[in-house]
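2 protein chains.
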Amino acid sequence: MNFSSKLIEEAVNAFASLPGIGRKSALRLVLHLMQQDQDFTETFTEALRNMRKHIKDCKVCHNLSDNEVCNICLDPRRDEKVICVVENIRDIMAIEDTGQYRGRYHVLGGVINPIEGIGPGDLHIDTLIRRVSQNDVKEIIMAISPTIEGDTTIFYLSKQLKETSAKISTIARGVSFGGELEYADELTLGRSIVARTPYRNASE
Amino acid sequence: MNFSSKLIEEAVNAFASLPGIGRKSALRLVLHLMQQDQDFTETFTEALRNMRKHIKDCKVCHNLSDNEVCNICLDPRRDEKVICVVENIRDIMAIEDTGQYRGRYHVLGGVINPIEGIGPGDLHIDTLIRRVSQNDVKEIIMAISPTIEGDTTIFYLSKQLKETSAKISTIARGVSFGGELEYADELTLGRSIVARTPYRNASE
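Protein chains in written order, with this note's numbering: chain A, 12 to 215; chain X, 12 to 215.
Do not take every clue at face value.
Stretch-level coverage of chain A by chain X, calculated; a stretch enters the list once three of its residues show a Cβ under 8 Å from a Cβ in chain X [claimed, not checked]: (1) 76-88; (2) 120-133; (3) 150-162; (4) 167-181.
Just the calculated beta-carbon pair ranges, DEER-fashion [what the hints assert, rightly or not]: (5) X:Lys-149 to A:Gly-33: 50 to 60 Å; (6) X:Ala-183 to A:Glu-57: 27 to 37 Å; (7) A:Lys-35 to X:Lys-173: 37 to 47 Å; (8) A:Lys-35 to X:Arg-207: 52 to 62 Å; (9) X:His-43 to A:Ser-144: 30 to 40 Å; (10) A:Lys-17 to X:Lys-173: 31 to 41 Å; (11) X:Lys-64 to A:Ser-144: 46 to 56 Å; (12) A:Lys-17 to X:Pro-131: 26 to 36 Å; (13) A:Glu-197 to X:Pro-30: 37 to 47 Å; (14) A:Glu-57 to X:Arg-141: 35 to 45 Å; (15) X:Gly-130 to A:Lys-35: 51 to 61 Å; (16) X:Glu-127 to A:Pro-157: 43 to 53 Å; (17) A:Asp-48 to X:Lys-149: 51 to 61 Å; (18) X:Tyr-112 to A:Lys-64: 19 to 29 Å.
Read the hints as simulated data drawn from the structure, not as lab findings.
All C-beta atoms, glycine included, are put in the ideal place defined by N, C-alpha and C.
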């Protein structure tokens, strides 16, 4: 790409440094900014700078938060005796969107992955164990991806939490709702047979 | 999408206000910014603000430029007697990338489009006519999209430029190189037969 302007080139490079944005899309975005008022660019960049500068790590659950403690941890209607352990804040948003959960969260910040050099010390495990003991937590739900790394992490956490009185559960795994059996992968289908649940008629 | 943080929500809305970026992609970009140093966000936003604030409209050809007059207009090696008329600066970049053109440009800023309310007065036509008369331009190449609006614009410009001594040409239209005839659309194929060119052997 031939740029006659250094300023345009730098703006294109800035957009192209973000994941999933190539140089052609970046140029399209830059030209879009040029078509809008200067205020548009100011508002856009201010929102990002403001977010990056002022956002905090919730000191209870490590969710991203506007304050020292996040809204979910501050909400008195949410059960503090139940903690859902997730990898990152996107998982919190996905679970919140279901509207099915009224407990608290704990963000690990990843999963144990020796290949990428992520050990238990790199995750927020210490604070989880402290929370569980101090607040007399009754249940810990592991909402962690069903991968080898995820399962390793659940195994490690369950060992660490053995001393506490909390019950540990994992989110249900099996065939998706609305999915056709013939398209389910073998591992999922196999496990869903092994982990079958008693049938309960809705009218019972 | 449920956001526990107002700052995150505003940053996601900022990204999602750009064309072609949905809310899920916007969230991914915001979380990417969170994973990088604060400097990354500062550099990113600074490049955009700087570009939007300091970029100028080249007063000769209306290309986007770092200075009053753009690099192409300032380049003495480029033939100022040949002007290529384009719709926008993306077209300049596309033509520059071919490396086949050594004249100057003139950016119209669009094409005549009565449906969208764009008339000749909204385009940089006055400055084009002034340039052509003042600089004794020999040739004007219309590199404008072969659409009804584009053809209307070329027709209008040719009328306006009749008084000048400049020769007017349009970029060649026909089947694409490497394209198969059977897949060419009827209009293109039909016109490419009408506008056939004498065969010249490369060894002649």
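Hint by hint, which ones does this structure get wrong, listed from lowest number up?
2, 3, 4, 5, 6, 8, 15, 17 and 18
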